[in-house]
Structures are given as C-alpha cells and as structure tokens.
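Chemist: Protein chains in written order, with my numbering: chain R, 61 to 583; chain U, 61 to 583; chain H, 61 to 583.
No lab work stands behind these hints: they were computed from the structure. Hints may contain errors.
For chains that are exact copies, the list does not tell them apart, and a pair is met inside one copy or across any two.
Said to hold, decoys possible - Result set (BS3-like, lysine-lysine): computed pairs, CA atoms no more than 27 Å apart in a straight line:
1) 487 with 471
2) 476 with 487
3) 511 with 476
4) 458 with 511
5) 271 with 114
6) 246 with 358
7) 124 with 458
8) 208 with 114
9) 511 with 471
10) 450 with 433
11) 368 with 471
12) 450 with 124
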Amino acid sequence: MIARIATLLFLLIGACSYAGNDNEASKDANENQAAKDVNGYEVSKGAYDYEALKEKYYADHPGKGKYTDLWEPIPIQQYWNPVSFYEPPNTVEGSFTAEECIACHQTTSPGWVHAWSDSSHANLDEIRNLDEGDPRFYKKAKLETIEKELQSRGVLAADEQLESVSCIDCHAGVGKTSMDHQTELKLPDRAMCGACHVQEFAEAESEKEQKWPQGQWPDGHPSHAMDWKANVETAIWAGMPQREVAQGCDMCHYQQNKCDGCHTRHTFSAAEARKPEACATCHNGVDHNEFENYMLSKHGVIYETMGKDNWNFEVQLKDHLTEGEYTAPTCATCHFEYKGEFSHNLVRKVRWGFNPTPEIADNLDHPWFEERKQAWVASCAQCHSQRFAKAWLDTADKGTIQGLEVEQEAKEIVQKLYDDGLMVGQKTNRPAPPAPAEDAPGDFYGLFWAKGNNPSFSGRTHAEMWEHDLIKHYKGLFHVNPGGFTYSEGWARLMRRYTEIQDRNTQVREMAELKEKFEELSK
Amino acid sequence: MIARIATLLFLLIGACSYAGNDNEASKDANENQAAKDVNGYEVSKGAYDYEALKEKYYADHPGKGKYTDLWEPIPIQQYWNPVSFYEPPNTVEGSFTAEECIACHQTTSPGWVHAWSDSSHANLDEIRNLDEGDPRFYKKAKLETIEKELQSRGVLAADEQLESVSCIDCHAGVGKTSMDHQTELKLPDRAMCGACHVQEFAEAESEKEQKWPQGQWPDGHPSHAMDWKANVETAIWAGMPQREVAQGCDMCHYQQNKCDGCHTRHTFSAAEARKPEACATCHNGVDHNEFENYMLSKHGVIYETMGKDNWNFEVQLKDHLTEGEYTAPTCATCHFEYKGEFSHNLVRKVRWGFNPTPEIADNLDHPWFEERKQAWVASCAQCHSQRFAKAWLDTADKGTIQGLEVEQEAKEIVQKLYDDGLMVGQKTNRPAPPAPAEDAPGDFYGLFWAKGNNPSFSGRTHAEMWEHDLIKHYKGLFHVNPGGFTYSEGWARLMRRYTEIQDRNTQVREMAELKEKFEELSK
Amino acid sequence: MIARIATLLFLLIGACSYAGNDNEASKDANENQAAKDVNGYEVSKGAYDYEALKEKYYADHPGKGKYTDLWEPIPIQQYWNPVSFYEPPNTVEGSFTAEECIACHQTTSPGWVHAWSDSSHANLDEIRNLDEGDPRFYKKAKLETIEKELQSRGVLAADEQLESVSCIDCHAGVGKTSMDHQTELKLPDRAMCGACHVQEFAEAESEKEQKWPQGQWPDGHPSHAMDWKANVETAIWAGMPQREVAQGCDMCHYQQNKCDGCHTRHTFSAAEARKPEACATCHNGVDHNEFENYMLSKHGVIYETMGKDNWNFEVQLKDHLTEGEYTAPTCATCHFEYKGEFSHNLVRKVRWGFNPTPEIADNLDHPWFEERKQAWVASCAQCHSQRFAKAWLDTADKGTIQGLEVEQEAKEIVQKLYDDGLMVGQKTNRPAPPAPAEDAPGDFYGLFWAKGNNPSFSGRTHAEMWEHDLIKHYKGLFHVNPGGFTYSEGWARLMRRYTEIQDRNTQVREMAELKEKFEELSK
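Isolated chain R, as found in the complex (with noise of 0.2 Å):
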C-alpha cells in the first residue's frame, strides 16, 4: 500500500514537474498579475513598461525595408501596413466626438457601428456587473488591470474609468474626446491596441526574442512580430512589376503592424479567435496547410462534430479542458500554451520552423531543439499519455526527415543541370529575374514571377518540392492528418515531382547526347 501511494505521489509530481506547472507557475499565470517577465522582455515593477515596448516596437519597425528604393506602395497598402503608409482621407473637414462619429457612420458604413456596438468595447458596464458563474468573468478582473494601468500612466485619472472603447480611443488616442477627421485620424497599429492590451502587446512583441541556437533564421524570424519584415524584404516580393498581386503577401504579412488579423474589426473578439477558422485565411493552401490538416485530422473532426456547438469559447485558454469542455485541442490551445501557460507568443515550441532544412535537420538532438519537443510532449499530455506523444513526435521527426532526403536529392540534380548549363533554353532564352532577386536554380522567385525559359520546368518543380510539398509534408505530420503526409499532399507528391525532375534529367541529357553526336558528325 504505501509502495503504491509512493508511485501515486511520484507520478503527480513526475507530472507536475514535468509540465513546468508547478504552483509558482500557476500563481505566475493568474491573469490579474500583470507584472512579468515574457521571454526576455523587461517590463517595470508592478506593470508593463509600456512607452517602452511601444518606443521598442517602432524602433525595431522596417517601414519599407531594405529595398526601399525598388518599390512604392500602392493606395491599399496603407491599410496593410498603416504604421508606415497612412493617411486619414481628405474628404472630411472638422473635428468630431466619438458621438458625431457614430452618427455619421451610422448611416455612411452601418456594418462598423453595428460591429463594434455588440462587441466589449461598446459595453463596459456589461463586462464590469458580470456575474462569477458566466466565463468571460475574467474580463472583470482584466478590465480593471487595464484600469489599473491607464491611471498609473496618467491617460486616465486615479480611480476614473473608461465610460467605453470607442472611435476616438482606438483611431486618435486612448481617452481623447474629440478628433480632427483630417489630421488626427490613424488606422491603429499593435502599439495602439497595446496602449491598453499591454499584457498581449508585449507578450506578443516577445516573438522577436526567438533566437535559433545554429542561426538556421535571423534573430525573431519566423514569427508574426516580424512577418512585415520578413515580406518586404524578400527579393521576389520588392522585384516584381506587378504590384497588385504582391500587395496580397502583405494581406497575412501584416501581423506586425495590426491586431484584426485574428480579432477582427469592430467586434475584436477573444472567442472568434480561438476558433480554427480564425486561423484560416493565412494558414492554409499550398506552402503551409495547417488549416486543411487540422480540420482532416481527429482533432478537427471533434471539433467538427462535438466542439463547433458545445464547448464554450468564451472562456479563457487555461480553462479549455474545463469550463471550456473542449475535447480535443484547437490551433489555439497547442500554440499559444508553453510549459503550462498561455500567450500571445505563438513561437516559444518552434522546432522545423516554416520549413525543413538539414540545418534543423542535423541539430535536432541539440538542447534548443530536445527541450521544445519536451515542451511539446507535456503539451500532448494533456490528453494522451506522455510515452504516445513521444512515439508520435520522433514519427513525425524521422518522416520529415525522409521527406528532406527525397527533396535534397532532387536539389542536386537540378543544381547539376544548371551548373552543367542544359536546363531548357538556359543558354539562348533565360533572362535574369528582376532584381533584387538573382538568377539560381530552384529559388523562390520561380513561383512568383516568370519569363522566357526563366524558372525552368524542372527549376520550378523543384521549388514546389521544397516550397509546397515538403512543407505541406511536415505539416500533415505534425498535425497528424494520415492523408497529409501519404498519399494526397506530401509524400506522394514529393515522389511525384522526384519523378518530374528524374524524367526531364534523363531527357535533357539525352537530347545533348544526341546533338553533340550530331554536330561530331556534322563536322
């Protein structure tokens, strides 16, 4: 009897410890306390340091990026990225309350009033009388913290409230009471969302503190606090003439510089969010289908089937398994969650990254790369056991890693007939890609932009091979959707193009063969 209470009592603390939950995390996690460390980010004693995560945020903001001189933004983009292109309209003149807004808009753009008339920021005193039986009760507690916070930096008075959310506080500034429509006007940005959000703006802003122990990607990469970056500063997306269709990276590349990718205006809810589908517009299709594999796999299918209309997405993260009645994860519940705790900080169990490469490949018994996946196997815990998550993770490792091999050794032949200079029409019809994109086999720029003989066929194959069909591989994988990674994306596809780019080799060569014999002969 006591042999078996010892192994109880090791097993709740082996547990315990092992998902980094103990009770000092716990109390660490309570929402109410704002002060804290997230990743590395200092923030003050007893609040965020928010005019220096903002200072911070802006600093660290690319604007247009290193090949600025190469493009000039079209009329959409502001919206896109309003920190660097915005400008309030010139059609209306004077300065307005947030009532003279609203009575305009009212019948001007009816879908923004009614929107955000539903949503928290219109119904503070709703959020303030909620009773502890309903689940977004912890907005109580969050709205005074924000409260809390607003007073100690002097934008409200002490003990004064917020009255709501509206017009003037998100589009000129928190608790100004009227606005010039013409000069004061802004599109807000994450600093301005995070002049009250501080907790979810900073937490969100320490994505950047991402380092990869091998340098496999710049400092902060890849992670939505730095996916504006990440856009302009690709060489295709600055190079090519058509504007228009590379404005629409930006639509999903614009995590930097706004919050409504996932909380859309005016509602900016918490529960849309935490939803799968509010993952989707960004996260599916050719080069990253987590959207597709989710759905197609046993968790989404629960979510599908027993979720949708039942579990209460009201609720916060920390509490799925329980108010929330969750019975399988969603996007939300496995990438916001770290050791325990739940954050805006989507990158803190980043292993493979946006894609497979051998740099990741070859170092995955490294410290950086076993702790993640350990953080990853407490996270499967929570509903499988710890030695299933395990088995699953080193499968999905070995079968990217079999992935890998079959594009690395479609890469080289395709390199070999660049370097060996009989890719079709590479000597009389490949004219280089626009700079700053520099012509090379297989590359990036091939899926975005073409022109004469220039990607080839087997070049571009080849860039689908690495771009799309390893990635979606790895992703069928890890999301554990069985078609995934066999036989509708993936592997099968994998084999696929292997076949494509063996066949043009053959035939290439082939061809060359019988020239050369022929100009010989021709002699």
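Starting from the known structure of chain R, fit chains U and H onto it as the hints suggest.
Modeler: For chains U and H alone, coordinates are given in the frame of chain R:
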C-alpha cells in the same frame, strides 16, 4: 460649429445618394408593393403581369438549343430540364387528391413528405399568425400579396385564401384539387414557382436584360436566367459522345429551368439560400472557385466563427445588418444587392463576368463598367470606407489585368506553335474534335475531350490557364482571399503553366531544328 | 374509386416489399432483440455467441501479415495495432482501482478523464433514467440487453448491473476491479469493445462475409473488417524503407483493430459517428474523396445549411427521417442501411468497390450487382422517386464506364511503351522497386516510391489515372457532386492525364526514331 454640421449633412446626403438608397428607393423596396419595373421588365399597374412573364419565359426557353440534331436526352435529363423533357411516370394510374398523394408517398418516399410538412408551404396559418417580432414576419405580408395576385388572376376567388401549398398546387397547378398521375403530373419549372412567387420570377427573369456595352457576351449572358441555353449551346457539350458525363454540366446549368437549385425541394427554404453553402455545389472548383475564396476570406471566416450560429438567417436580406445581426457579408448580401435594393437579379453589378478577357480589360473606363464599380463601392461601404472599397476594387482590377497579360502571352506562344505545325503529334495524330467543335489550340473542348494528340500538352495547358487559373486569380482577388491570387491558386499557378508552355515551346523548336538539320545532312 | 384504392394498395405493397421493409423485417430491426443472424454470422439462440466471435476475430487477424520478414513495427504502431504490438508502459508500478486511475490521470492527462466523465460510459444511471421522449431513450434498452448478455456469460452476476464503464473495464477486462499497470494494461481492440457491444461487433465483423461473384476482390475485401490486412499485405507498404511514412497508412487502416476510428476515445459518442465529418479523416483526398463529394453535393449542402444545427444526431439511424428531422442523408444513413435496416456492416450495397475495373464493369448485369443496385434504389427512394433513383444510378454506372474506357486506353499506351523499352531512362536508370514489389509500368508502388527513372513519368501518370482520377470520377458520380466528375475532378483530370500520356508517347517515339535514323547514318 455650423461648418461641422454642414459637413455632417454633406456626408449624410453624399452617402445616401451614393448608395442610391434615398427615401423613394426605400419605399420602392417595400416588399408589400408588388408593382414595379425590374430592370426593364414591363409589369402591369398594381401587379406583375404573370401571364406575360410566363409566355416570355417559355418563348425564350431554348429547349434542346441550336445543336439539337447532335444529341438526345438521356432519362436523367428530364429532371434537370422538365420544361423540355419531363414525362410523368406510367406506373401509377388514377387521379388523386393531395391527401391521397401524401398518404401514399408517406410510405413510398417519406423524405419528401417530411421535408414538405415542416415547410412554410405546409403551414400557411403559422405564417398568417406570425408576431411582428418574428424574423419571418415579412412572410405574412408576402403571403397576402401572393393571395391578392392569385385573386386578381382568378386563381383564387375574391377573399379566398390558400389552404396550403401542397403536392397538387406545384405538380399540376395552383388551386387544383386533384391530379391525374399519368397525364397531369409536372415537375415544377420556374414558371410554376412563379405562379405564386411572381415578384421573384420577374426579378430572376430580368437577368436576361443584361446587355454588354461592347458585346463582350451575348445578351443576357452570363446569367442564371440563361444558363441552360449556355449549356446546350456549348459545342463540346453537344458533341461529346459521353452523354452521362455531359449531363453533369446540366446539374448546375439548370437554374433557367427550376428554382430548387437554391431552395431545395421540398423545404424550399429562404434561409437555406441565404447561407453561403447553398451556392457551393455550383460555385466551386477549377473554373469558378467562389465558395472556396469566400470561405477562406475574412468574410467567410467571420461567417464561420461568429455568424453560423448567431446570425438570424430567417430575416430578409435587406435587414441582414440590423435584425439579422450579420457582421460580415454572405454571398447573397453582396450579389443580390444593387444600389441598396435586394432582388433575385444577380447580375446587375457583374463586370468581369465569367472570365477576364481583353475586351473587358480594355473597356473598364466605359460608363457601363464604371457605374457598376461605383455600385460595388456602395455595397462595400456598408462596412468599409469608400476609399478602402475603391482602393481594393482598383487593386483587384489591376491584379486581374496582370494575370490576363501572362495568359495572353502564353496564348500567343501556343497559337504560333499551332500555326507552325509544331505541336507534338500535330501532323501525325491529331484527330478532329467531335462536331460542332472545330480544331483549335487551347480551346475549351480540350478540357472535356481528348483523342490522340488532340489537344496537345501545350494547348491543354493554355486552356487551363484561361479557363481555370486566370478565373481563380480574378475570383481570388475579388473575393479578397489572399492565397487565392498569390501562392495557392491564381498567380503562382499561372506562372507554373507559363513555365510549362515556354519549356515545351523551346523543346519542340529545338527538336524541330535538330530534325531539320538531320534531314539536310541525310540528303 | 375501387380502381384507385387498388392502385394505392398496390403502390403501398410494392413500395414496402421493394424496400424489403415488411413487418417481419421491422420487428427484426428492433434493437432490443439481440438474437439474429447477421449476413451469415452464426449466432446462438437468444444472444450472440461472443466467445465464438472473439475467437474468430483473433484467428482472422493477420498480425504482421504475409510480408512479416520485410518490416519491423516502429513504436507508434503499437497504438494503431494493439492486437499485435501493444506493450504496457514500464514506468508505473503497482495495481490500481479505477478511482486511483482517475485520481492520477486527472493530473497527468486530464483530457482523457474529462472526455470520459461526460460520456455515457461514465453515467449509466443517467441512461437508465432517460425519459421516453429523450432521443437517447433507446440506449436504456441497449444497456439492459448488454447487461443481460454479460449476466448470461457470467461476467455479471444474475441481476447485477454495471456501475459504470470505467478505465479497468476497457483496459483490463469488463467487471475487473483492479489492474496491474505494468502487466495487465491493454489498449482496447475490437474484441474488447465487443465484450459489451456484441451486436455491433458481430455486425462489423460480418463485413468479412463479402464475396465477389467473379472474384473481383478477395473474400471480405475491401472492408473495414479487413483493412489492416489489406494494409500490411500491400507490397510497397511492406517494402518501403521509410517506415515513418508507411505507418501513416495504418492511421486509417486500423478499423480491423480498433473502434475509436469513428467513436473517438474517451467520449465514444454515437452522435459523433453519425455526422459526416466523422468519416472525413479517412475518406478524403486523392484516391477516395467521398467527404469532399458529399459536402459539395446537394446532400451535404442541406446538411450544412439546414442540418448541422437542427437535426438530432442523438437519435438512432433508423429514426433519422422522423425523430431526427433529417431532410437529407448523411454518410451513415446511406452506408449503414441495407434493405431498410441499419447495421455496422457497411459493405452490403458495395458494387464498384474501391476502384472501377473491367471485371466489375463487365458483370454489372449479374444478379449480385443487380440486387445491390435495387437495394440502392430502395435507399434513394426514401426521398426520391424510384424512377429518379434508377435513372441516376444508371447514369452513374455509364459515366463510370466512360471514365474507365479512357483509363484503359491510356493503360495500353503505357504498357506498350514499357514493352518496347521506350520509357524515359528505362534501359539506363530504372532500379527495381524494393521487394516484394516488382517492376511494372503504372503500378501502385510508383505512388509511394521513386528512384532514378522508376517510375517513369508516363507510368506515374497512368497510376494517377486509375488510382486517383478514375476513382474520384466514380465517387463524384455516385455522391452526386457535379463538379466532382465533370470539370474539377474526375473526367477533366482524366482528359489531362490522357493528354500527358499521348504527348509523351508521341515524343519518345519520335525521339527513338530520330536516334535510330541517326545511328543508321552514323554507321
């Protein structure tokens, strides 16, 4: 202060007149007032002229169309085009009342009876007793209007009410009390539904009034009201020997014939048709992926996360933002709307139509196109600023043209290959397509018919460019789905096809050159 | 009048006997009556013979299958096939009661406990106290039947009731009160679930009785009951060196081993499995896109727009049209049904099976196929006229054959290329596939393995024709998704592949001719 009030007034007036939604228009939109002129459709004072509408409907109907000698309907087609092909079954003898229909079909096909018995058609008294607060309250007035219409046409006696809308009303004629199963049974067509729903019939038929200013499309095309004609007068549809495959096209191209494409029998729900999925069966896939684009756009994501369970789809479209509580558009809210009114004419804002062509691209500044663009701006301005709306529509126009340019360049290459006789197998193994299709490179027929080397690889690839990828590119842009016109569909696919065509062009020309040199050497 | 009544009577009798759903049959379908013969499965009077079923289940189980020497299971596979590979973890010592299991796992893996605690298994008293009006009322009788069964087998004492179905019941044995974690812990297999759910076990196992009249498939194939055998006895699955990719196939091909493919642990919900999404993880994608076809068909659209929130998925399948209020079918309503009865044998109406072949096409008029077609007509006639149902099934059969003809023509071309030694690289760089696979053109192995020029481009393309596009074509037809067999998948893709194969055929033969001429000239 006076300046500010003046500004406000200006804005209010501007917004109202911009939307074309002034008080007069609002009154016109009143659903109780049946008399109106729908896009040139002549209607009598006080009521629509149902008999004239019906006569025109049948007169316009193409039956088997102009290729009538080339094909014969197969049995299933009587269900897609009852106007031309339906024959009552000869297995049941006798004449029956609705009660007898129901008694028997309750056993032979209970699903019909069950769907109908829950419908408004089976429960007119419930409609008559709706409270003003009920979202379906508008149906009460609609029912009264319908009954007045039927009374004025003598179908109902003065002051007579409809008891219910039951089997015989739709399958033999409104108000009939019995039906001979072998001789009188009809499958309801548009005119049959229009016997009561005359306003919707008139609106839907008014799509035929569409006239393109530079003749880009024949009158009335593309539209739901002419989709059967478009179907049977497509050369490869009429000519392909696989009739069971060909009839698959009918399964969407039957809106000209029937109303249950959107309001599925035997529920005939309006709420169903207001949901985006109702459009999915026809508006998805390789050559018009509207559904996918919508669902992955922010609009669709809001529908999925916030709307599906919360918005009230029983309210009329015109009240979707207010009583319906929509916070994002659905298919219907944008495509049924025109200058603030909602109707069953869905083509009044069509600009690029089915597919982008130079004939459209070159005329976008013509007032016909420009006015429609302004109508779109007004639609978007329900929830966006006019400046944003215009910036987006400009972006989408230019992005579409950028795609078109790539496709046109590829088209020239393919045409030149054909003119030079250099398509693979062109001189040795290129059978003619079945009449009435005629041999051509990159033609539509190559998507549905192939024999020997017709179509060639390059021709088929070009057909996919203009008929799949360019359309997806354009639909991705206009439905604001970033992946739909950047990396997953659209632009990146156009680049792939362009690469394939350039590659093939270089290959076959090199081969031809080698052959020629060889022939010379062999002489 | 007499004639009319006679007609009605005729119709009623005809319809009933057609559906095979007469009163006797109805009585048989009564779920309270456990004793019955399921498709030849011998069951004892008064109860199923669980011990015999279990013995046969294990006797039939292939374990590692006939290629056992070629592969070794990796750790994750113990979870897909616990019958053969599961080992209890050695990390926990001691013997525990269910209460102790729960106490510990509440901390180590709370998701399990939470899912289970909301399930019927954890709340048997709630089942016992259900009101007759509750849609789950049928579970009360089912529970009584199960308990009687267990009593008759001596698992429960006479009149003893189950307290709950808890950890130990499923992970060690029904009725056990404690379990040694290191030696007794099992992962439940079909037979374990069958210990209580003996009727469902017998029904599911009866899929093995499937016998094809002309030997088109081996006995019992294709079916859920033999899917593990089908998996491990597939040559390329056993031979491919990438075991982590190969195990992905297991993740669906494990229904022979476990029941949680449809009733996800630890909720084990019947309602879940009645929803179409429950089938999605396995029945989607390139070689069996049933889910996509269903969702885009009218059936799926009605589910999405009218059903998802309104139908009652707690009711038994047999009551779906009545108490369930379904107005369209789901996967389960068609595939669980056979002649008016619903069971866990899903193959009783299978005709074309996994993929269309000439051996099936040429025998469709054989009574085996014809009777199954009539069973389908009866299913469809729940909501459609028999004439419509027959017209559709005829259309689908003929359309499928039209697709098959194209694939067969392409097959001949590819076979001839192989026989002539003309596949690209065939004589210079075509390594043998890994044993037990044997070299062949267009073989299945080429979808999952590639090296050098094996498979060739033309062979791989043909493999995609028969294994992807033809199957999608057929599935699109039978699931009534027009785009699925016209332009998006199916037919139009078959045309594309055919074009690619014809193109390659002409190219390589021209090249061979040129080489030959050149060799002659060089002599």
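Chemist: Evaluate each hint against the coordinates.
Modeler: Here is what the structure says about each hint:
In this homomeric assembly, residue 487 and residue 471 come within 27 Å of each other (Cα to Cα) both inside a single copy, at 20 Å, and across copies, at 24 Å. For the identical chains of this complex, residue 476 and residue 487 are neighbours both inside a copy (15 Å) and across copies (22 Å), given an alpha-carbon limit of 27 Å. For a Cα distance limit of 27 Å, the shortest separation of residue 511 from residue 476 qualifies both inside one copy, at 22 Å, and across copies, at 17 Å. For the homomeric pair residue 458 and residue 511, the shortest alpha-carbon distance between copies (20 Å) is at most 27 Å, but the shortest distance inside one copy (38 Å) is not.
Taking the shortest Cα distances, residue 271 and residue 114 sit within 27 Å of each other inside one copy (22 Å), while across copies they are farther apart (56 Å). For the identical chains of this complex, residue 246 and residue 358 are inter-copy neighbours only, at 22 Å across copies versus 44 Å inside a copy, given an alpha-carbon limit of 27 Å. Within a single copy, residue 124 and residue 458 get their C-alpha atoms only as close as 40 Å, which misses the 27 Å cut-off; across copies the closest is 22 Å, which meets it. With identical chains, the CA atoms of residue 208 and residue 114 are at most 27 Å apart within one copy only, with a shortest distance of 18 Å there and 67 Å across copies.
Both within a single protomer and between protomers do residue 511 and residue 471 lie at most 27 Å apart by alpha-carbon distance, with minima of 22 Å and 14 Å respectively. With identical chains, the CA atoms of residue 450 and residue 433 are at most 27 Å apart within one copy only, with a shortest distance of 8 Å there and 48 Å across copies. For the identical chains of this complex, residue 368 and residue 471 are neighbours neither inside a copy (43 Å) nor across copies (46 Å), given an alpha-carbon limit of 27 Å. Within a single copy, residue 450 and residue 124 get their C-alpha atoms only as close as 43 Å, which misses the 27 Å cut-off; across copies the closest is 23 Å, which meets it.
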